[in-house]
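Chain by chain, the residues run as shown.
Protein chains: 2
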Amino acid sequence: MNVLEKLRERTGELVDLDCVAMLLSWDQLVMMPSDGADARSQQLGTLARLNHERARDEVLGEWLAELEGASLDGVDGDIVRLARRDWERARRVPEELAAELASAGVEGQQRWQEARAADDFAMFAPALERNVQLAREYGACVAADGLTPYEGLLGDYDFGLRADDLRRLFGALAEALPPLVGEAERCSPPRTLEVPVSAQQGAVAGTLARLGVDPASWRVDVSAHPFTAWMGRGDTRVTTRYSDGNVESLLSSLHEYGHALYERQIDPTLARTNVGRGTSMSVHESQSKVWENHVARSPAFAELMAGELGAAGFPIAAEELYASMVGVQRSLIRVSADALTYPLHIILRFELELALIEGDLEVAELPEVWRQGVRRLLDLEVPSDALGCLQDVHWGAGSFGYFPSYALGCLIAAQLWEALERELGPREQDLRAGEMGAIQAWLGERVHRHGRRLDTTELVERATGSPLSIDPFIRYVQPLTQPRH
Amino acid sequence: MNVLEKLRERTGELVDLDCVAMLLSWDQLVMMPSDGADARSQQLGTLARLNHERARDEVLGEWLAELEGASLDGVDGDIVRLARRDWERARRVPEELAAELASAGVEGQQRWQEARAADDFAMFAPALERNVQLAREYGACVAADGLTPYEGLLGDYDFGLRADDLRRLFGALAEALPPLVGEAERCSPPRTLEVPVSAQQGAVAGTLARLGVDPASWRVDVSAHPFTAWMGRGDTRVTTRYSDGNVESLLSSLHEYGHALYERQIDPTLARTNVGRGTSMSVHESQSKVWENHVARSPAFAELMAGELGAAGFPIAAEELYASMVGVQRSLIRVSADALTYPLHIILRFELELALIEGDLEVAELPEVWRQGVRRLLDLEVPSDALGCLQDVHWGAGSFGYFPSYALGCLIAAQLWEALERELGPREQDLRAGEMGAIQAWLGERVHRHGRRLDTTELVERATGSPLSIDPFIRYVQPLTQPRH
Numbered sequence: 094m095n096v097l098e099k100l101r102e103r104t105g106e107l108v109d110l111d112c113v114a115m116l117l118s119w120d121q122l123v124m125m126p127s128d129g130a131d132a133r134s135q136q137l138g139t140l141a142r143l144n145h146e147r148a149r150d151e152v153l154g155e156w157l158a159e160l161e162g163a164s165l166d167g168v169d170g171d172i173v174r175l176a177r178r179d180w181e182r183a184r185r186v187p188e189e190l191a192a193e194l195a196s197a198g199v200e201g202q203q204r205w206q207e208a209r210a211a212d213d214f215a216m217f218a219p220a221l222e223r224n225v226q227l228a229r230e231y232g233a234c235v236a237a238d239g240l241t242p243y244e245g246l247l248g249d250y251d252f253g254l255r256a257d258d259l260r261r262l263f264g265a266l267a268e269a270l271p272p273l274v275g276e277a278e279r280c281s282p283p284r285t286l287e288v289p290v291s292a293q294q295g296a297v298a299g300t301l302a303r304l305g306v307d308p309a310s311w312r313v314d315v316s317a318h319p320f321t322a323w324m325g326r327g328d329t330r331v332t333t334r335y336s337d338g339n340v341e342s343l344l345s346s347l348h349e350y351g352h353a354l355y356e357r358q359i360d361p362t363l364a365r366t367n368v369g370r371g372t373s374m375s376v377h378e379s380q381s382k383v384w385e386n387h388v389a390r391s392p393a394f395a396e397l398m399a400g401e402l403g404a405a406g407f408p409i410a411a412e413e414l415y416a417s418m419v420g421v422q423r424s425l426i427r428v429s430a431d432a433l434t435y436p437l438h439i440i441l442r443f444e445l446e447l448a449l450i451e452g453d454l455e456v457a458e459l460p461e462v463w464r465q466g467v468r469r470l471l472d473l474e475v476p477s478d479a480l481g482c483l484q485d486v487h488w489g490a491g492s493f494g495y496f497p498s499y500a501l502g503c504l505i506a507a508q509l510w511e512a513l514e515r516e517l518g519p520r521e522q523d524l525r526a527g528e529m530g531a532i533q534a535w536l537g538e539r540v541h542r543h544g545r546r547l548d549t550t551e552l553v554e555r556a557t558g559s560p561l562s563i564d565p566f567i568r569y570v571q572p573l574t575q576p577r578h
Numbered sequence: 094m095n096v097l098e099k100l101r102e103r104t105g106e107l108v109d110l111d112c113v114a115m116l117l118s119w120d121q122l123v124m125m126p127s128d129g130a131d132a133r134s135q136q137l138g139t140l141a142r143l144n145h146e147r148a149r150d151e152v153l154g155e156w157l158a159e160l161e162g163a164s165l166d167g168v169d170g171d172i173v174r175l176a177r178r179d180w181e182r183a184r185r186v187p188e189e190l191a192a193e194l195a196s197a198g199v200e201g202q203q204r205w206q207e208a209r210a211a212d213d214f215a216m217f218a219p220a221l222e223r224n225v226q227l228a229r230e231y232g233a234c235v236a237a238d239g240l241t242p243y244e245g246l247l248g249d250y251d252f253g254l255r256a257d258d259l260r261r262l263f264g265a266l267a268e269a270l271p272p273l274v275g276e277a278e279r280c281s282p283p284r285t286l287e288v289p290v291s292a293q294q295g296a297v298a299g300t301l302a303r304l305g306v307d308p309a310s311w312r313v314d315v316s317a318h319p320f321t322a323w324m325g326r327g328d329t330r331v332t333t334r335y336s337d338g339n340v341e342s343l344l345s346s347l348h349e350y351g352h353a354l355y356e357r358q359i360d361p362t363l364a365r366t367n368v369g370r371g372t373s374m375s376v377h378e379s380q381s382k383v384w385e386n387h388v389a390r391s392p393a394f395a396e397l398m399a400g401e402l403g404a405a406g407f408p409i410a411a412e413e414l415y416a417s418m419v420g421v422q423r424s425l426i427r428v429s430a431d432a433l434t435y436p437l438h439i440i441l442r443f444e445l446e447l448a449l450i451e452g453d454l455e456v457a458e459l460p461e462v463w464r465q466g467v468r469r470l471l472d473l474e475v476p477s478d479a480l481g482c483l484q485d486v487h488w489g490a491g492s493f494g495y496f497p498s499y500a501l502g503c504l505i506a507a508q509l510w511e512a513l514e515r516e517l518g519p520r521e522q523d524l525r526a527g528e529m530g531a532i533q534a535w536l537g538e539r540v541h542r543h544g545r546r547l548d549t550t551e552l553v554e555r556a557t558g559s560p561l562s563i564d565p566f567i568r569y570v571q572p573l574t575q576p577r578h
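Same order as they appear, the protein sequences are chains C and W. First residue of the first sequence? That's 94 in this note's numbering, and the numbers climb one at a time after it. First residue of the second sequence? That's 94 in this note's numbering, and the numbers climb one at a time after it.
Hints may contain errors.
Claimed, not checked - Now the stretches of chain C that chain W is said to cover, found in silico as 3 or more residues with beta-carbon under 8 Å:
1) 101-112
2) 115-125
3) 128-137
4) 266-273
5) 308-314
Unchecked claim - Short, incomplete list of chain C residues facing chain W, as computed with Cβ under 10 Å:
6) Arg147
7) Arg330
8) Arg365
Derived by calculation from the structure, the hints in this document are not laboratory data. Using N, Cα and C, we set each Cβ at its ideal position, and we do this for glycine too.
Sequences are here, hints too, so could you generate the full structure?
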């Protein structure tokens, strides 16, 4: 084997280990008997250690040095470029720091859980303090030249994003969205449906089948929190959950389908290389949001889904189903927020985690500053920290820089959808008929096939012809602020 | 960490990797969409490579050298002893031979499949020739001092077994069993039942629940071939299969339950060490046969299972159910053989594979010698190689030395069951009532808890007070040769 082949083989091995870890997690959340948890966490720990060890292996550095300056064609060039990026990132983190981050993350999650249950921020503060400190150190390690520690952290999820870009985008959004909320609440009030689980199950199965979900290469299961796992090109697994009285299962199925389709439409020649996966958290989230916000939450697709619900024994008017999916109501809790106010929850978290990492905000001040933020962005009073700054696990687990991708996903999805309809024409007819080929193909061509060859910013610009902007998203939510007939 | 701790940690890591591979295989056979096969085989290949690499790691040799002569108490002593055994075995096989064995096994399976479909032994002969040659080389590598290559091969499944012991046991069985067959066929004729799948499912669930199978630490699923997987102490997974018209599902569920119980009752302090698993293939098979032959195929337990079938909507007399489970009829096919004639199929395979490896039999002669053997042992004519020497995958896959464990399992089970009833008294009452505690506890104490601390021969002698013998098995099948009322 020449050195490039060796490098490719090693990246293939790391891909295999990632897939194996993903299967273990899928199994844990979907199939595993509860008493298997301890052994599973040992197994995942061993896999993570082996993966990390091989990802920062000296020999990779030797191969990369040999390949320095070699002229390689397209894909091989990207494989080497990303192998270097990943290897350097892995090497920059001292073993002790990596170990401390891991244990602080586990510890922090426990403290967070206890503190949230007791609604007592002080119980969580020391662990959060430690996590902020460690994240700052870690961010400084991995930040390439000229980047700040927070930008280093961002790089784990969205390589190349700059804090200033986020400040600008989220700043504009924080100006543009709040004035729309009141109108939207009036014109698009929340509406709940009492759809029996059996009808939801039938409608989810029927709808996904129309999108090409077939048992030869898909699984659809139930888990406490919906998620998607992929174990190779021919093995995609989405989950959803059912509860009486709402149609979250339909929205979440479409959301997860978007994640899945992204991974499935990556150029097959990139399979089992370090380039053959989704490029970033925000682009991944955009793919789920295309299907959740722009397909599922459209009047045309509501007709199709209403038909599926009817076939499953729950006749419903498309307008009624649509209304139940686009209702707007400000709330304190991110995970149950509607499509319009959701980004406001993210902006708050971005502002606060940036300030924490940059040292502009003390952990002790967090609850009060959170309250102020919720007042400013959502015009709501936070009655308790459990419903305020203690609601999300992320910071307890040591994740900083992750939140922005949730809102970026909404923005990118809107921008992609506008570009798609600009080029292909309005898609109402397709959505109504369940003809998804053109949409799938456009996304495949513009977004999916590239895998990691393009980073977030470049991908968005190439796919849509413009830099990332908030305008398409604002145009997307506009109809919610208008009276419907 | 001191050197013993490092060794323990490494063996723990290897246990984790084994469990992970087992989960991947379970998933492949039970859950995976069919198009996931290629990626899964890559993932399993990567895991096997990493496992092999770490199992033969130089550093293990250094640690073992440091521990040479150290006085260690019980379990630690066994951990070091078995780590040395496993490491030396792994080191003795040249990398090229290991690679050739792997590829010849895959190739051989394909040739075997084609040859069996075409009923053409000549298509298979060259691949079998190669597998025999490679197995001979491999057996010679791994055979410790004084052992033959065939004994080396046996050691992969049943460490410490000697070919002479097998010749003696199987020779005696080949004399004792055939004269019983005719009487058994008259007194215990095969009887088929038409039990709907739904009743079988209910009865399997009900019966397993009485044995302690609960969803907190078990799964029961369906697969094409029943098997058992364990991913840690609290995560045991058995599978079965259902077809209309027989009650194989009940027998196979009990069989797999026996494998599962063995792993579950190993001393918890041995978990995640190289000692904490079943000691050999034959002892494992004995544990499945205890539950299949001695529990499920007993008149008393038939009463319990008949009750479960009745509760599931299929009323049946216990005698009738019992009769359907113990019918005897000579046949050409191993996998569908009854409890009495099954070992005769194994004896034939043992004789032939031993002769192949020792060079006393040419591959070209195999079909004819097979026919002679079937005549001698079963008094049947083999009409085609597809129903003769081409029926099993094992030799095509390169497995030699595996077959004996199937028959040894029957013998060991019978000997254990006699010892159990000698000590605890007859168990009819327990079986009738589904009171399994005493049986489980006896097996746990005498067999399970030891894990790999005792090898097959020593384990059997200690558990039963006598060396392995065919007599208990002959006594077990005797009632089948007597008229029943």
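Taking the hints in turn, this is what the structure says about them:
Coverage of the region 101-112 of chain C by chain W holds. Counting CB-CB distances below 8 Å, 5 residues qualify, and the rule asks for three or more. Closer than 8 Å: that is the beta-carbon criterion, and the region 115-125 of chain C has 5 residues meeting it against chain W, so the requirement of 3 holds. Only residues whose C-beta sits within less than 8 Å of a C-beta in chain W count toward coverage, and the region 128-137 of chain C has 8 of them, enough to reach three; the restraint holds. Coverage of a stretch by a chain is defined here by at least three residues with a beta carbon nearer than 8 Å to that chain's beta carbons; for the region 266-273 of chain C and chain W the count is 0, and the condition is violated.
With 5 residues carrying a beta carbon less than 8 Å from a beta carbon of chain W, the region 308-314 of chain C meets the three-residue requirement, and the given coverage holds. Annotation: interface hint on arginine 147 of chain C holds; nearest CB of chain W at approximately 8 Å, less than 10 Å. A distance limit of 10 Å between C-beta atoms decides the matter here; for arginine 330 of chain C the minimum to chain W is near 8 Å, and the interface restraint holds. With a least beta-carbon distance of about 7 Å to chain W, the hint placing arginine 365 of chain C at the interface is held under the 10 Å criterion.
Checked against the numbered hints listed earlier, the structure breaks hint 4 alone; every other hint is satisfied.
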